[in-house]
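Trainee: Okay, here's what each chain looks like letter by letter:
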Amino acid sequence: DSGVTQTPKHLITATGQRVTLRCSPRSGDLSVYWYQQSLDQGLQFLIQYYNGEERAKGNILERFSAQQFPDLHSELNLSSLELGDSALYFCASSGRNYGYTFGSGTRLTVV
Amino acid sequence: GQQLNQSPQSMFIQEGEDVSMNCTSSSIFNTWLWYKQDPGEGPVLLIALYKAGELTSNGRLTAQFGITRKDSFLNISASIPSDVGIYFCAGRLVDSNYQLIWGAGTKLIIKP
Numbered sequence: 001d002s003g004v005t006q007t008p009k010h011l012i013t014a015t016g017q018r019v020t021l022r023c024s025p026r027s028g029d030l031s032v033y034w035y036q037q038s039l040d041q042g043l044q045f046l047i048q049y050y051n052g053e054e055r056a057k058g059n060i061l062e063r064f065s066a067q068q069f070p071d072l073h074s075e076l077n078l079s080s081l082e083l084g085d086s087a088l089y090f091c092a093s094s095g096r097n098y099g100y101t102f103g104s105g106t107r108l109t110v111v
Numbered sequence: 001g002q003q004l005n006q007s008p009q010s011m012f013i014q015e016g017e018d019v020s021m022n023c024t025s026s027s028i029f030n031t032w033l034w035y036k037q038d039p040g041e042g043p044v045l046l047i048a049l050y051k052a053g054e055l056t057s058n059g060r061l062t063a064q065f066g067i068t069r070k071d072s073f074l075n076i077s078a079s080i081p082s083d084v085g086i087y088f089c090a091g092r093l094v095d096s097n098y099q100l101i102w103g104a105g106t107k108l109i110i111k112p
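In the order they appear, the protein sequences are chains A and B. The opening residue of the first sequence carries number 1 in this note's numbering; numbering runs sequentially from there. The opening residue of the second sequence carries number 1 in this note's numbering; numbering runs sequentially from there.
The shape of chain A in the complex, shown without the other chains (with noise of 0.2 Å):
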């Protein structure tokens, strides 16, 4: 257990369907990161918090978004879903030694 949580593991939904990822960070980490990864590919980075603000984008969708909220933990929102957002979702935390850890991942399959 590396403790950041991801739920779900798994979520099968519709094309046109609106889903939530949700992620709970590493006791006292105050960053949590969502990356995307698609079959065999590498990890894109979405977006990054920083203690409840938004502190970096990458290459995250306009039908995408997230938030942290004041218990730390964060959801990233998904909408309008289309079959090439099928993917691996992966949070991460981090602390002070720069080191990110993940969580296990949310497998979304759209169909």
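Heads up, some of the hints might be wrong.
Some, not all, of what chain A presents toward chain B, calculated at C-beta under 8 Å [what the hints assert, rightly or not]:
1) G3
2) A56
3) F69
4) S86
5) F90
6) G99
7) Y100
8) G103
9) S104
Quick list of simulated restraints, FRET-style, between CB atoms [said to hold, decoys possible]:
10) B:Q3 - A:D71: 41 to 51 Å
11) B:D95 - A:E53: 10 to 20 Å
12) B:K51 - A:G16: 45 to 55 Å
13) A:G16 - B:I13: 20 to 30 Å
14) B:P8 - A:Q44: 13 to 23 Å
15) A:T15 - B:E15: 41 to 51 Å
16) B:V94 - A:E53: 17 to 27 Å
It is worth saying that the hints were derived from the structure and are not from the lab. All C-beta atoms in this analysis are idealised placements derived from N, C-alpha and C, irrespective of residue type, glycine included.
Position chain B against the provided structure of chain A, taking the given hints into account.
Mentor: Below, chain B alone, put in the same frame as chain A:
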């Protein structure tokens, strides 16, 4: 945006062989990290490097922070079947905001 060039993209090796992979960039980094990802799982940190020239081992794994601060190397000695997976390098740029720049990964496959 910033990029790390990670090579090779994939490696087919025999069990017992030594493995080398590296990451290079035109930018200067003050932290290098090496991660391993097993299929369907999140990447797990293997080794972290914080100083130029630093050489750090974790069992059969050894990584080095290049002296120019623009590259890093990971070596795996005497590979075993559980070494199979994707290895990612990641670096933190000087004055960046805790953000890491990631390599595209090296897929390690052991020949039967």
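Trainee: Among all the numbered hints in the text so far, which are the ones the structure does not match?
Mentor: Going through the list in order, the structure violates hints 1, 3, 4, 10, 13 and respects the others.
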